[in-house]
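Peer 1: What follows is the residue order along each chain.
Number of protein chains: 2
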Amino acid sequence: MRLSTKGQYAVRAMLVLAMREAEAPIALRQISELEDISAQYLEQIFVDLRKAKLVEGVRGASGGYRLARPAEQITAGDILRAVEGPIAPVECVLHGDEEACGRAHICITRELWKRLRDSMSAVLDTTTLADMAAGRLFTGETREV
Amino acid sequence: MRLSTKGQYAVRAMLVLAMREAEAPIALRQISELEDISAQYLEQIFVDLRKAKLVEGVRGASGGYRLARPAEQITAGDILRAVEGPIAPVECVLHGDEEACGRAHICITRELWKRLRDSMSAVLDTTTLADMAAGRLFTGETREV
DNA sequence: CATAATCCTGAGTGATTTGCTCAGAATAAA
DNA sequence: TTTATTCTGAGCAAATCACTCAGGATTATG
Numbered sequence: 001m002r003l004s005t006k007g008q009y010a011v012r013a014m015l016v017l018a019m020r021e022a023e024a025p026i027a028l029r030q031i032s033e034l035e036d037i038s039a040q041y042l043e044q045i046f047v048d049l050r051k052a053k054l055v056e057g058v059r060g061a062s063g064g065y066r067l068a069r070p071a072e073q074i075t076a077g078d079i080l081r082a083v084e085g086p087i088a089p090v091e092c093v094l095h096g097d098e099e100a101c102g103r104a105h106i107c108i109t110r111e112l113w114k115r116l117r118d119s120m121s122a123v124l125d126t127t128t129l130a131d132m133a134a135g136r137l138f139t140g141e142t143r144e145v
Numbered sequence: 001m002r003l004s005t006k007g008q009y010a011v012r013a014m015l016v017l018a019m020r021e022a023e024a025p026i027a028l029r030q031i032s033e034l035e036d037i038s039a040q041y042l043e044q045i046f047v048d049l050r051k052a053k054l055v056e057g058v059r060g061a062s063g064g065y066r067l068a069r070p071a072e073q074i075t076a077g078d079i080l081r082a083v084e085g086p087i088a089p090v091e092c093v094l095h096g097d098e099e100a101c102g103r104a105h106i107c108i109t110r111e112l113w114k115r116l117r118d119s120m121s122a123v124l125d126t127t128t129l130a131d132m133a134a135g136r137l138f139t140g141e142t143r144e145v
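Protein chains in written order, with the working numbering: chain A, 1 to 145; chain B, 1 to 145.
Calculated from the structure, these hints are not laboratory results. Be aware that one or more of the hints could be misleading.
The list makes no distinction among identical chains, and a pair is therefore deemed to hold if it is satisfied within one copy or across any two copies.
Stated by the list, open to error - Lysine to aspartate or glutamate pairs mimicking DMTMM-like chemistry, simulated, CA-CA at most 25 angstroms apart:
| id | residue 1 | residue 2 |
| --- | --- | --- |
| 1 | Lys6 | Glu141 |
| 2 | Lys114 | Glu23 |
| 3 | Lys114 | Glu43 |
| 4 | Lys6 | Asp48 |
| 5 | Lys114 | Glu72 |
Note that the structure is a prediction, hence the values are computed from the model and not measured.
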């Protein structure tokens, strides 16, 4: 029931971008040094982030990455889904309400996993990069849904 | 961010015991057939459940397993912790409030993981086997804390 | 224009975890 | 005494994780 390092790194990297928003793009190398994460591993992570349209890459010398939209509009859930896939504790509660389990009609536990999934989403989808950058998590005033 | 099959199987197996509580012990073989889970794998899982004092084994012919305490007093969290270890999305929020991360004092994301952990625990620790067996998850009347 | 700094792409790899199986001893009811 | 069960410990193939390696594409800067 652990998040991979990929997911953790992704959030930390995005936070670096969020804290320097609106300035020039930040090179991956800088993020790597600031957060002490392998640059080559970070590159892989940014592939996913870019595909999910959460960041934009700027090529060439003095290029780098910047957020594709304001930090207020990017949640932890967006980031984790981009690099780790759907947020679901078990496969059978992956898609909206449909599943491929076979025993779903008799499966009592499925309701538990749905609840778990929903409570996880509730936290991740209401916490934005802006919330984190502003230290708003410590006071409890995160965005409402 | 997925639960292992071990965790899922454990909850399902415990639910079988919960639904037949107070009768004779149930053989692992029966659980295996009812839930379509490999008997040998189940044996491994019951090692953990027994160590955590959630079930009692009764040896010999016509032996089996039974819950070590009433189904009202066993939560999904108890079961998952028994077979999967602590419920924590990342290592750095494992122990009560102490950690071994090094960068914890400067780590903004840690607060997010704490929130995530707490929301997961909130669901898992308030859902008992009795709740599930009674279908109480569908109506919303689970145990309060 | 040349060069250097960056993003971008795709493949490869050792270690760990997962999801089991296999073999057999210990115990107790029938 | 036989048979049904729990219990114990080892082993193993496949998948996943957490990276590394090698090199091409693009563009600012000197």
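Peer 1: Any of the earlier hints contradicted here, and which numbers?
Peer 2: 1, 2 and 3
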